[in-house]
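In order, the protein sequence lines correspond to chains A and B.
Under UniProt numbering, read the first sequence as residues 1 to 308, first letter to last.
Under UniProt numbering, read the second sequence as residues 1 to 567, first letter to last.
Be aware that a few hints might be false.
Here are the in silico distance ranges between beta carbons for each label pair [claimed, not checked]:
{"hint": "1", "chain 1": "A", "residue 1": "Leu30", "chain 2": "B", "residue 2": "Glu242", "range": "36 to 44 angstroms"}
{"hint": "2", "chain 1": "B", "residue 1": "Ser368", "chain 2": "A", "residue 2": "Leu26", "range": "32 to 40 angstroms"}
{"hint": "3", "chain 1": "B", "residue 1": "Thr111", "chain 2": "A", "residue 2": "Glu44", "range": "31 to 39 angstroms"}
Treat the hints as calculated values from the structure; they're not laboratory data.
Glycine residues also receive a C-beta, built at the ideal position from the N, C-alpha and C atoms.
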Amino acid sequence: MVRYILERLVYMFITLLLIATLTFFLMKLLPGTPLSAADKLSEEQQAIVLEKYGLNDPVPVQYFNYITGLFQGDLGLSFQFDNREVSTILLERMGPSMTLGAQALLFGTIIGMLLGLIAAIYHNGFLDYGSTFIAVVGKSIPSFVFAGILQFYLGVQWGLFPVALWEGWEYTVLPTIALAIFPIAIAARYMRTEMLEVLGSDFITTARAKGVNRFGVVFKHGLRNALIPLVTIIGPLAVSLMTGTLVIENIFSVPGIGEQFVKSINTNDYPIIMGTTLFFSFLFILIILIIDLLYGLIDPRIRLTEGD
Amino acid sequence: MKKSNWLLLVLALALSMFLAACSGGGDESADDGSGEGSEDTEQQEGNEGEEGTSGDSEQVLNLSDTADIPTMDSSMATDTVAFQWLGSTKDGLYRLDENANAEPGIAKDHTMSEDGTTYTFNLREDANWSNGDPVTANDFVYAWQRAVNPDTGSEYGPYMMSGVIKNAEAISTGEMEVSELGVTAVDDYTLEVQLEQPTPYFESLTAFGTFLPLNQSFVEEQGDSYAQEAESLLSNGPFKFESWDQGEGWTVVKNEEYWDAENVQLDEINVNVVKDTATGVNLYNSGEIDRTNLSSEFVDEYRSSEEFQIKDEPTLFYLKMNQTGDILSNVNARKAIQYAINKQDMTDVILNNGSKPSTGHMPEGFVSSPGTDEGFREMNGDLVTYDLEKAKEHWATAKEELGMDSIELEYLGGDTETAKKLDAYIKDQLEQLEGLTVNVSSVPFEVRLERDTNMNYQLQFAGWGPDYIDPNTFLNMWLTDGGNNHTGYASEEYDSLINEANTDLAQEPEARWDNFLEAEKLLMDDAVLAPLYQRSLAQLQKPYVKGVYVNPMGADYTYKYAYIEGK
Numbered sequence: 001m002v003r004y005i006l007e008r009l010v011y012m013f014i015t016l017l018l019i020a021t022l023t024f025f026l027m028k029l030l031p032g033t034p035l036s037a038a039d040k041l042s043e044e045q046q047a048i049v050l051e052k053y054g055l056n057d058p059v060p061v062q063y064f065n066y067i068t069g070l071f072q073g074d075l076g077l078s079f080q081f082d083n084r085e086v087s088t089i090l091l092e093r094m095g096p097s098m099t100l101g102a103q104a105l106l107f108g109t110i111i112g113m114l115l116g117l118i119a120a121i122y123h124n125g126f127l128d129y130g131s132t133f134i135a136v137v138g139k140s141i142p143s144f145v146f147a148g149i150l151q152f153y154l155g156v157q158w159g160l161f162p163v164a165l166w167e168g169w170e171y172t173v174l175p176t177i178a179l180a181i182f183p184i185a186i187a188a189r190y191m192r193t194e195m196l197e198v199l200g201s202d203f204i205t206t207a208r209a210k211g212v213n214r215f216g217v218v219f220k221h222g223l224r225n226a227l228i229p230l231v232t233i234i235g236p237l238a239v240s241l242m243t244g245t246l247v248i249e250n251i252f253s254v255p256g257i258g259e260q261f262v263k264s265i266n267t268n269d270y271p272i273i274m275g276t277t278l279f280f281s282f283l284f285i286l287i288i289l290i291i292d293l294l295y296g297l298i299d300p301r302i303r304l305t306e307g308d
Numbered sequence: 001m002k003k004s005n006w007l008l009l010v011l012a013l014a015l016s017m018f019l020a021a022c023s024g025g026g027d028e029s030a031d032d033g034s035g036e037g038s039e040d041t042e043q044q045e046g047n048e049g050e051e052g053t054s055g056d057s058e059q060v061l062n063l064s065d066t067a068d069i070p071t072m073d074s075s076m077a078t079d080t081v082a083f084q085w086l087g088s089t090k091d092g093l094y095r096l097d098e099n100a101n102a103e104p105g106i107a108k109d110h111t112m113s114e115d116g117t118t119y120t121f122n123l124r125e126d127a128n129w130s131n132g133d134p135v136t137a138n139d140f141v142y143a144w145q146r147a148v149n150p151d152t153g154s155e156y157g158p159y160m161m162s163g164v165i166k167n168a169e170a171i172s173t174g175e176m177e178v179s180e181l182g183v184t185a186v187d188d189y190t191l192e193v194q195l196e197q198p199t200p201y202f203e204s205l206t207a208f209g210t211f212l213p214l215n216q217s218f219v220e221e222q223g224d225s226y227a228q229e230a231e232s233l234l235s236n237g238p239f240k241f242e243s244w245d246q247g248e249g250w251t252v253v254k255n256e257e258y259w260d261a262e263n264v265q266l267d268e269i270n271v272n273v274v275k276d277t278a279t280g281v282n283l284y285n286s287g288e289i290d291r292t293n294l295s296s297e298f299v300d301e302y303r304s305s306e307e308f309q310i311k312d313e314p315t316l317f318y319l320k321m322n323q324t325g326d327i328l329s330n331v332n333a334r335k336a337i338q339y340a341i342n343k344q345d346m347t348d349v350i351l352n353n354g355s356k357p358s359t360g361h362m363p364e365g366f367v368s369s370p371g372t373d374e375g376f377r378e379m380n381g382d383l384v385t386y387d388l389e390k391a392k393e394h395w396a397t398a399k400e401e402l403g404m405d406s407i408e409l410e411y412l413g414g415d416t417e418t419a420k421k422l423d424a425y426i427k428d429q430l431e432q433l434e435g436l437t438v439n440v441s442s443v444p445f446e447v448r449l450e451r452d453t454n455m456n457y458q459l460q461f462a463g464w465g466p467d468y469i470d471p472n473t474f475l476n477m478w479l480t481d482g483g484n485n486h487t488g489y490a491s492e493e494y495d496s497l498i499n500e501a502n503t504d505l506a507q508e509p510e511a512r513w514d515n516f517l518e519a520e521k522l523l524m525d526d527a528v529l530a531p532l533y534q535r536s537l538a539q540l541q542k543p544y545v546k547g548v549y550v551n552p553m554g555a556d557y558t559y560k561y562a563y564i565e566g567k
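Only chain A is shown next, with the shape it has when bound in the complex (with noise of 0.2 angstroms):
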């Protein structure tokens, strides 16, 4: 087993390392320099602004450098944010949308989960097509537009929750819901193909016919079982929520990274886009390795027991 890891870890690197490089030089393929008054400035002063940065290099030069700091941990400076530090504009801005994406996703779990059981246990009556039919909507209409009502309805009309903008807890609630819609859908999806084949295996009719009733077959039998494709699909999911959503953070004005990273690329702040694409992909390399372990827990027949 820590074999295993330890092998992991060392192919997150790799791949890592190959993100990287990957994305720098896609990066500077991007008309253009983080200049903010380019057409203001004579050639020769944009220059001497561009040296300061170490910007008139051979692009081999400034890969190597970049590497070079990144392995001493230095992300480097950001260009718009006048040489904030990298790793300080990503930790300020990674709270909000972390904290977005984790209730999103745990509210959007747990209800999808529970429309998903309702559908499977109702099977082909009103409640199935009920939910099945708020799956299909929540993954068809886009969440700007769940987020734009619930801001007008529970927001303006009715006061409920705060309209937009980030000044304590009630402020998540209405981005969270908006931002919940995605998963519940997935999740009662899968939730509902997965019950029903489970739940027309044989030994769910032997608990039947020992006489454990409907909802003990269903959460003490049928649940473990049916979770397996789910956490296969919540890793990726997790990721997409937690890194932010640049609409989501628009509208309800949370100063998230989603909207700064899509900033960083328009303006060709290369520090900015470097560390934000290696720290989502950090992430995301991370959690399919928590997956795959996870799946052993759940599920005995996953098990890595060969060897050590």
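Position chain B against the provided structure of chain A, taking the given hints into account.
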């Protein structure tokens, strides 16, 4: 049984939410695309009504901005948000008053040498920084030297000071020592400034962000962390920073150390970063902010409201025409393009935010004659208006002269929503000219800039906002070697008009003014560009917000004299 009832309830609730969502979907989807047209669009404000409203009006203004403050370091600032809050927390030598004229700031008054190249400013002795240090002449010397010093990496320092302050250009390219800059502290309260040449607009320039003073010992003590958070900032202006959270917003409070504190009425200004226009409107309606900008789709809804207002801006948009190409080197072809676009419909229908058709290359209400106080635009009149007949005539002549029947032109436009709408409209208008096909390329701003610099375009949608209050800021860019000309326009007559205005006539405001009038006419006559519109901003502002001045350059708004009444 109980359990399933509970589940039913949850389901019903969830369902109702989704159904509500479906029915409302149509009108909400429009909220999202609040694109704006041009490069300097950062600016958006709103005043927020803070919670605590007791009997008497609390002197708290609540605003929003569409972007973060990238930096509060006056040497490094390049954008409207930074200049706005630098202007609110710092006083330069002069400030801009209600009519954009210079009013005393840290300088009480000044004298100018006879040749107009040496200014001696007398500074007030009662001005202090928010840490109690006095504001002295050295603070200006240090700040200006820092701004042009190549080691600082400033963009606006070299840009604003080159050709104005003596030796600034040579210092910015490393050819001269920083100490050679034409600014010296004669004593603590006397500042002497040497200019390259007489600069009639120099007074108003000293109100601009890049020229603000810096407290040397404080800046050096803070080192790299200077101006990165509320604690690493000093103020010598009406307000000072209390808190500043990146991405979220900031709060400035009245600066009790300010020399003119008795005339400052607001106790506090809160600013939140709100990027989405629909969100801004929702926050405004729920009383969280006191002012918000409207995009065109909201204008019709609020136009009749008493809180609706139009903020005029001196920013112009126009088509640049590259004269080095074989078609647009023909002056008749360029003239046809000038006259073929119905600009009134464009501003009324597509922009729908109070923007006005522009008929020359000087915004309305920007500068007025030194003699009669009549506006530049009024004096020169509408030089280029929509006239399809005239356009067609010029076009026919052009086709004949070129010996071509069908002509294709490439049109370089922006990639925002509004830009695409405008470009499609302009294409449609231009194609009223028989045999003309316009191919629109929508590219990101950076690409457009690059192609502009390399003159790799035929027609280009471009914009320009002023850097100081003087006709020169719009007209000197079309000099033969003008840094932003990039059209291939080279006219000796035009060059001599502008150069004369800035040298021989620099001390004779009225004759200088006439030169500029003449130059603009020539520019339109030579059909260097096709004027499109002057941008305005539609906004909502609560009626209890009073005394906010709008400026044509630098900080967009002056809050020094603002107050809340009758909230």
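Against which earlier hints does the structure fall short, listed by number upward? When the structure is compared with the hints, only number 2 turns out to be violated.
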